[in-house]
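Colleague: Letter by letter, the chains look like this.
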Amino acid sequence: MTDLLRPSRALLPLLFLLLACVPFAAAAAQQPFWTSFFARILIYAIAASALNLALGYGGLVSFGHALFLGVGAYAVALPAFHGIGSGWVHLLFCLAGGAAVALVIGAISLRTSGMAFIMITLAFAQMGYFLLVSLKFYGGDDGLPVAAPSRFGALDLGSAPVLYGVAWAVLLVLTWWMSRLRAAPFGMALRAARQNARRVDAMGLQSRRLQLAAFTLSGTACALAGALLANLNAFVSPSSMSWSVSGELIVMVVLGGIGTVAGPVMGALVFLGLEEGLKGVTEHWMALFGPLIVLMAMFGRRGIVGWIEALEQSRWPARAGAGRGRR
Amino acid sequence: MASLQTTDLVKHFGGLTVTDRVCLDIRPGELHAVIGPNGAGKTTLINQLSGELRSSGGAVRFDGQDVTGWAVHRRARAGLLRSYQITSVFEEFTVLENAALAARAARGHAWRFWRPLLADPTARAAAEEALRATGLEAHAGTPAGELAYGQRRQLELAMALAAQPRFLLLDEPMAGMSVQESAEVTRLLQGLKRRYTILLVEHDMDAVFALADRISVLVYGRLMFTGSPEEIREHPEVRAVYLGEELD
Amino acid sequence: MMFRALWKAACGAALAAPLIAAQAANIGLVAPLSGPQAIVGQDQVDGFMLAVEQLGGKLGGQSTNVFKEDDQLRPEVGQQAVRKLIDKDKVDAIVGLSFSNVLMGSLPRIAESGVVAIATNAGPSPIAGAQCKPSVFSMAWQNDGAAEAMGKFVQDKGVKRVYLMAPNYQAGKDMLAGFKRFYKGEVVDEVYTQVNQLDYSAEIAQLQAARPDAVFVFYPGGMGINFVKQMSQSGLTGKLPLYSVFTVDGTTLPSLRDAAVGTLSGGMYDAALDTPENRRFVAAFEAKYKRTPSLYAATGYDAANLLDIALRKAGGDAKKLAAAVKASAAELKSVRGPFRFGKNNMPVQDYYAFETMRDGGKVATRVVGTPLKAHVDAYAAQCPLN
Amino acid sequence: MNLTLLLAQLLNGLQYGVLLFLLAAGLTLVFGIMSFVNLAHGSLYMVGAYAAALAYGAGGSFTLAMLTAMAAALAVGLILETTVVSRLYRRDHLDHVLATFGLVMFFNEAVRIVWGPQPLFVQVPESLVGTVDLLGFGYPLYRFAIIVAGLVVAIGSYLLIHKTRVGMLIRAGAQNPQMVAALGIPIGLLNALLFGVGAMLAGVAGAMAGPVLSVQSGMGDAVLITTLVVIVIGGIGSVTGAFYAALIVGVVDTMGRVYLPLLLRQVADRSVADAAGPALASMSVYLLMALVLALRPQGLFPAHRT
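Chains as they are written, first to last, in our numbering: chain A, 1 to 327; chain B, 328 to 575; chain C, 576 to 961; chain D, 962 to 1267.
It cannot be assumed that every hint is accurate.
[Unchecked claim] The calculated lysine-lysine pairs, modelled on DSSO-like cross-linking and capped at a C-alpha distance of 27 Å, are:
| no. | chain 1 | residue 1 | chain 2 | residue 2 |
| --- | --- | --- | --- | --- |
| 1 | A | Lys279 | C | Lys755 |
| 2 | C | Lys708 | C | Lys863 |
| 3 | C | Lys759 | A | Lys279 |
| 4 | C | Lys708 | C | Lys901 |
| 5 | C | Lys908 | C | Lys948 |
| 6 | C | Lys908 | A | Lys279 |
| 7 | C | Lys643 | C | Lys895 |
| 8 | A | Lys279 | C | Lys708 |
| 9 | C | Lys755 | A | Lys136 |
| 10 | C | Lys759 | A | Lys136 |
| 11 | A | Lys136 | C | Lys708 |
Simulated from the structure, these hints should not be mistaken for lab results. All figures in this text were calculated on a predicted structure; none of them were measured in a lab.
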């Protein structure tokens, strides 16, 4: 079984190939709905991959990553509200805003660990939520329409197929970078810090500084997803920052396979796909979806990708997989 | 190869004095052993030297520089590296990755986001060299979690060596090892003697007397006596402590 | 490339919408069916389906497919539901559209597609004013309407000092602004509380200390139940008249019961309205669902009947449906009494004042006044439509 | 007049704090001693509220309703423990978050299927209707009942944990479960019992909150976040910590909501104060927690002094 054809290796390329066909298939079937439906999945996959950098590689259980989705979304909506439609300005606000907020919150939150870290990140997200709800000038709880979608020269993110292409490209680049980063010095040091931060310090690196950098990168990438979401919905609202969205992002990462490269993409696809599928079946879809998540937590050892790798290991035992860390 | 001196090093835990005005002088290239009964404060002393514990008093000079206030990572980058009594290797990484990360951490920096760690020639070379020195090159690709206990102790050592240290603090490298494994590590340390300055904390007396240029005896946090292995063997008080007569 | 072509053909078929007979009427129904306000969504769906059932499952003579979508009171979920209804199910009209935040979220896609939208749960000021759209209607109210009615009612009663309270979000601010548009007396204080707040004892103590002549509040759904319960337990309800909008209504009265006795609420509908159409509607609703219909059930019911008239008028031509809906309002015998669309497609209707009182063992409401008759909202002037 | 208002607000803060403690006590035991992240604790609170509401509605006395609530919450707690929770003890906090996130979804929807979206009607028990005159200020009698009940539970749980053999076992189990098991004590049964007691406390809180708050599906989620804040401020695993922290959060939240807007009005002009006041008030609890965590990550009253 040559390495390339191994399911876990071939999973991502196949996935991206299929996702690339969706807009064409949707156009062929006069079903534009599927383009925006899958665009939303791509965007949440970007957010989940961003969270995976902090949560999977770094072991930082952030329960407030929806805050960065909100920051990214409002980084598009606010300039647009004041008449600025240039995508570059939106991108600048989004990346700068996401990085700044992530840096500040990360610096404070990393003073704690374990349960306290989970709670302090949740606290910052709730603060952001209440702040936006009370900003009457920008629509507060009722949200704010995006007056001008981000335009990069001829590329107008207002149209669904264009947005789909951009989201697909961003996810591809991010996922590819994640696979490289995982084995790069920064990724290895970060994953080492998750296993034993004291040892990493004793070797000559500063584990807290690595974790802060990872948290900031993760927040910025998540803000990027928020900006794309604002363009998809042409509307932003504080409820996209509620704690249940942070919870859903965590579920997607863990469901897909935490700490793996393909995990977040698979997790977003299965989570949102299953949600839509079950909605079609019954109005009380949550009564089915809840237990499913419980079962996955109890039996899915390391998510879908972990399950595929375990299956593959039992079917075609590979030579000692170099550099294939478990979690 | 670096030297290390401590002047009146003290460490209190609340009212308890664990390190009591210790004065050590370790010359470049020397293998200096520190022995003493359990609870003598050996590991505390090493933690003070490596920077993981902040000393309550006194000074630590490394290669002539006062490093008392330095943080752990700063001392490590200066070449003052340690191994741990309780093995703490990265179980999810392979043996080679553990060593390469150690090499990279001491010499280079981790702010590389694209090229793989193992593609860094200097780090990889230092790692492979350290694995050869500790006899682990056959297990380069095995995840550290799957190693036997003895092999993990060897990896612990390999990670210290991979960082090309200028001073090695070894905290009971032979702990929990069989006689045959200890003999192997002793031969290994014999090979390192002239290349690094080493402070060895160990209970295995055969290894200590085979390796040490000089030996210091630590009892209840106080440095009782420093001398050549022969002087230590004949020294009445040292025998008393080890053979059980209580001190006055 | 062959693989891509094969793939396109295969999944093209799978994704195609189920081909439904062309002449059937497809209606989308978007409402919050889960989360704290689920009862509000459920009432609209039940009201709408009751009318469809009474019309033999046909609206405007065409067999009708109703696509129900749960927006979970989250704008993002509502947007996806609307996209699904417009792009995939190719609906002729969308009814419901939940609270203001979900409605505003779905507006861009609706306006762009030109599909007829009939809101049965909100009428935010932006779409009543400058952003009014020819194909977007509200069967319920313009958000400020009920509060304006209570403002006038309290003004007419000659109350000198009133204390205002609402949750700290857009609708809360709109409600208090609407009240002050008609109430000219002294406003003792204007207190905004946290959204979904549980415990109001602190605010009630503050209210008690301020000694106003009356208090006006807007606390929809669970917040209303918490507030009114805690008000009655503090013994204030007897001493201090409580005026409210969207707080004591068909959805909350069953779980408030005597805690709400003595309160006065304003609105465009209550089951107690004594018109022949309403008596028939309430009887049919109670028979089918074993509970009294709230104002949300009424708007759902009216929306279905309006569509019935409009679809017959438009004769299956989507482009004429919007104009047909506007015209049909005059022919609709609404359960709430007189009703027509203003130029901004907002309802022009009477607003009543209801009092909750003990009627034998049970608690019931009765009409105690009609402060605003055929009321045109304050934003109609800004709307360019005619 | 201002003094009595301050006193009333303090009482309100105390009452809200006691209600939070009823919830936090059970949660901090499960978190601290079994290190199990239980997001579904709010659902057990909801189960208690529904059981009490239904029992009371069916003509029972309030005490009967309270017992039904405790029994229902204990039963659901034990079922949860044996089927789901016990399999997750050795697993990572993330798997706990995932599993209990699913449970919350299930409970909210199940309650909606069985009892519908309509909030239930719960009456204040006749004996506790009316108000107590407090220097000319009417304070609801039922609120006093909540304070008293909360204090009784506080003392009861303190005695249970510190003065009884079972309490000793629970604390021993916290430090070293293997050793306790080695001594022949069925640690599985002990954990189940502990989780059950935690659930029962949540059930009591639900029953007490019924007449005051809206009993509806999803009522547990809002109160869950505040309870998590309380146990983190108090120090995870410390019941005493949870008690003090609950009172602090109760008072800070109440005072923040009332006096912050007033304070701001003196400083800033009216419109800014009206906008910033409520926002700051709703953020006050989270600001407090972020402050505590940044300065004392292990909480104000760390666990070792339970």
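Colleague: Evaluate each hint against the coordinates.
Modeller: Do the hints match the structure? See the list:
1. A:Lys279 / C:Lys755: The given pair, whose Cα atoms are some 43 Å apart, is violated under the 27 Å limit.
2. C:Lys708 / C:Lys863: violated (36 Å)
3. C:Lys759 / A:Lys279: This hinted pair is violated, its Cα atoms lying about 49 Å apart.
4. C:Lys708 / C:Lys901: Holds, at about 12 Å.
5. C:Lys908 / C:Lys948: Roughly 17 Å separates the two Cα atoms, so the pair holds.
6. C:Lys908 / A:Lys279: Roughly 35 Å between the alpha carbons, so the hint for C:Lys908 and A:Lys279 is violated.
7. C:Lys643 / C:Lys895: Holds: C:Lys643 and C:Lys895 sit about 24 Å apart, inside 27 Å.
8. A:Lys279 / C:Lys708: Violated, at roughly 31 Å.
9. C:Lys755 / A:Lys136: Holds. C:Lys755 to A:Lys136 sits at ~18 Å (cutoff 27 Å).
10. C:Lys759 / A:Lys136: holds (24 Å)
11. A:Lys136 / C:Lys708: holds (24 Å)
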